[in-house]
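Colleague: Let's have the full structure, built from the sequences with the hints guiding it.
Sequence order for the protein chains is A and B. The opening position of the first sequence corresponds to residue 10 in the numbering used here, with each subsequent residue numbered one higher. The opening position of the second sequence corresponds to residue 6 in the numbering used here, with each subsequent residue numbered one higher.
In short, the hints are calculated from the structure, not lab data. Some clues are possibly wrong.
Listed next, the in silico SDA-like pairs over lysine to any residue satisfying Cα-Cα at most 20 Å (straight line) [what the hints assert, rightly or not]:
| # | chain 1 | residue 1 | chain 2 | residue 2 |
| --- | --- | --- | --- | --- |
| 1 | A | K179 | B | R18 |
| 2 | A | K178 | A | E150 |
| 3 | A | K178 | B | M6 |
| 4 | A | K141 | B | L14 |
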Amino acid sequence: MASSIVYPAEAVAEVLPRPLALDGVYREHFKSVWRLLRRLGVAVAQLDDASQDVFLIVHRKLADFDGRAPLRSWVFAIAVRVASDYRRRAVRGRTEQLDDAIADTAPNPARLRELRESVEQLHEMLGELDDKKRTVFVLSELEQLSAPEIASVLGVNLNTVYSRLRGAKKSFDAALSRRRAARSPGVGR
Amino acid sequence: MRRETEAFLDLVRDAEDPTRADEARVQRALRAAIAAGVAPSVEPSLEIDGSPEGTYFGDALARLGLSGAKLNLLAVCAAASLATGDTTLPIGAHVLGEMRTTTPAVAAAPLDPGAAEPSAPEFDAEPVAPPFEPEAPMLAPSTSTPSTQPPGRAKPRARAAAAPAAPVAASSLRAELELLQRVQAALKRGEASTALRALDAHRTTDTTLLAERRAARILALCQLGQIDDARRAAADFVKQHPESLQRAAVEGSCANR
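Modeller: So, in structure tokens, the structure goes:
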């Protein structure tokens, strides 16, 4: 049928891709963004706000995403910066709701207690790392990103990632050993 | 790294996953914030910890940070989407990638290699997060106005006992995507009545791409010269999908003239 209205192809092309983007990106990455923010030092009480900020930025910047880096790296790069911002503003003392955060993830009370203590220890030990090492350590050892992907997230070179990771692992090892030794003074390492 | 440390990390790695309630709550807040044009509260800096890291992203965030107070996100995004013709995201690939993680056999064939194939593999690396509750998808019609649905700031609640997540209806999503691609292709050919017939024939309860279907219908009505129908549909669209980026396409259509 002939139409008197010429519809611009570009506008037609707008139908479909972008709105699905936020929905899909959110579904795909919310969980890891949430975890990442927490492990990068965002207080439990701030996680909602921080997660929302990450995806608000994602929403705003999706049009600029050029696909050069994997989408996950791009989203994580935003999360790392948001976490950094929240950390700067944060009031210290962020373990107040730890129990809530891990409630019911363990099958029995003893296991739950162990898990709570371990998560508490995790955050203490992460807090002892400097922010750069902490970020690399969390991305590598907890989110299990490859070193090249971490380099992409942080915009640093690969050697820097390896160097920070080595330092972070060493510090984390030592911190854990100290804690284990303190808890079990009679047991040798 | 010591074995003891590795065991410790294995123990805690998944101990702080968000619950589905967390995911849904933040999603609602996000949707409300977008609809209300709320800007992010953070001003992400150019630098991480004083060093110029992440430069590929820095400029954009710097502009974002400097932009400060409230912006009309819709206007910004709409302008950006209209101004950048070739920045279309490989979202089809994203969806295909997502489906590939859940239903490998079904999703193997690309729907539209030209438009949807790049960068799919990267999505295979990660497990798919549980989907939203069906009644509250990001793109579903909103029954409340933004002002009555302020961004949720409730503290995260305790993890619910591991209720199995309803699996994403990959076949449904795939059908949706295929429909929209057929509709889009028909519209580009100027075959608006074909597009409308395809939309009419499509029966689904999946609301994931509801806004896209409705926007496509409005464009088809415009092509057919059914301006009054398009206007009515567009008025409904704006009410029901105030946050949809398709709003720009709808408002740029005949329905707004």
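Colleague: Does the structure break any of the earlier hints, and which numbers would those be?
Modeller: Result: no hint breaks.
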